[in-house]
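I would like the entire structure built from these sequences, with the hints used as guidance.
Using our numbering, count along the sequence shown one by one with no gaps and you end on 221.
Keep in mind that the hints were calculated from the coordinates and are not lab data. You may find that some hints are simply not true.
Computed cross-link-like contacts, EDC-like style, restricted to lysine to aspartate or glutamate with a CA-CA straight-line distance of at most 16 Å [unchecked claim]:
{"id": "1", "residue 1": "45", "residue 2": "151"}
{"id": "2", "residue 1": "125", "residue 2": "151"}
{"id": "3", "residue 1": "13", "residue 2": "128"}
{"id": "4", "residue 1": "13", "residue 2": "131"}
{"id": "5", "residue 1": "13", "residue 2": "187"}
{"id": "6", "residue 1": "45", "residue 2": "83"}
Restraint ranges, calculated between C-beta atoms of paired labels, are given here [to be verified]:
{"id": "7", "residue 1": "161", "residue 2": "92", "range": "32 to 42 Å"}
{"id": "8", "residue 1": "185", "residue 2": "106", "range": "37 to 47 Å"}
{"id": "9", "residue 1": "35", "residue 2": "83", "range": "18 to 28 Å"}
{"id": "10", "residue 1": "28", "residue 2": "89", "range": "21 to 31 Å"}
{"id": "11", "residue 1": "33", "residue 2": "102", "range": "29 to 39 Å"}
{"id": "12", "residue 1": "46", "residue 2": "78", "range": "14 to 24 Å"}
Idealized CB from N, CA, C, for every residue including glycine.
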Amino acid sequence: MGKLSLQVQMSVDGCIAGKNGEMDWMIWNWDDALKNYVGGIAPAAGTILLGRKMTDGFISTWSAIRNNPGDPEQAFAQRMMDTPKVVFSRTMTESPWENTVIAAGDVAAAVSDIKSRDEKEVMAYGGANFAVSLINSGLIDEYHLFVNPVLLGEGLSIFSALNTRTKLRLKQSIRFDCGIVLLNYVPEQAWRGQQGKGIPEESGIPLFGSD
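Here it is in C-alpha cells:
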C-alpha cells in the first residue's frame, strides 16, 4: 500500500492563499537546499493528487518549464509531468490534461483505493478544500508543511474546517536560507507503525484541529 503525503505552502497563520486566492506572498526564489529537499521527495511519488481549483496553475506551470530547454528546473518539471495525476472534481468528467484522470464521488473512498493500488508514495498538493477533505479522512501518512515568513491575517486555511483532532509527531524541521521553514509531521498512529525503522522516539507535537 502506498503512503499518502500532503505537501503545502502556507503562511505562519496557517493560510495557503489570500482571501481572494492571492499567492503573491509566497517565496519563490528558493535556495538550493530547499530545491533539493522538494526534488528529493517528488521522485518517490507514483501518483499525484490535486484538487480541481489548483490543477490549471499546477499543470500549466510545470508544462511551461518542461517545454523550456534553458530552464534549470526542466528535468524536475519533466518528472512532474510524467507522474500520473488524479484530479478530484464534482463537475468534470473528462481530463483535458496529459497523463491525468478525473475522480468524482467520495474522496476518502477514491483515495483509499489509489493507496491500495500504488506501491509508491502518493503525493497530494491541494488546494484548500481538497486538503481539508484528505485531513478529515484520516488517510494522510505524512505532512510536508512549508511555512513562509508572513502573516496574512485572513485567507484560505486548511485547518479552520477540520472536524477532528489529529495528534502529530515532529519528524524533522528545517530552516532554509530563503526564509521558509519546513515542518515535517507524521500522525501519531502512523508514527507508532514506523518505530524501529530509524525514526527517533521524541518530540510529540499534539496540534492542528479541534474536538
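A quick look at each hint next to the structure:
1. 45 x 151: 22 Å, violated
2. 125 x 151: 11 Å, holds
3. 13 x 128: 9 Å, holds
4. 13 x 131: At roughly 5 Å apart (the allowed maximum being 16 Å), residue 131 and residue 13 satisfy the hint.
5. 13 x 187: Cα-Cα ~29 Å, so violated.
6. 45 x 83: 9 Å, holds
7. 161 x 92: 32 to 42 Å: Holds: the Cβ-Cβ distance is about 37 Å, inside 32 to 42 Å.
8. 185 x 106: 37 to 47 Å: 40 Å, holds
9. 35 x 83: 18 to 28 Å: Taking Cβ atoms as reference, residue 35 and residue 83 lie about 21 Å apart, which means the hint holds.
10. 28 x 89: 21 to 31 Å: Hint holds: Cβ distance 29 Å, inside 21 to 31 Å.
11. 33 x 102: 29 to 39 Å: At 23 Å between Cβs, range violated.
12. 46 x 78: 14 to 24 Å: Given range 14 to 24 Å: holds, Cβ gap about 21 Å.
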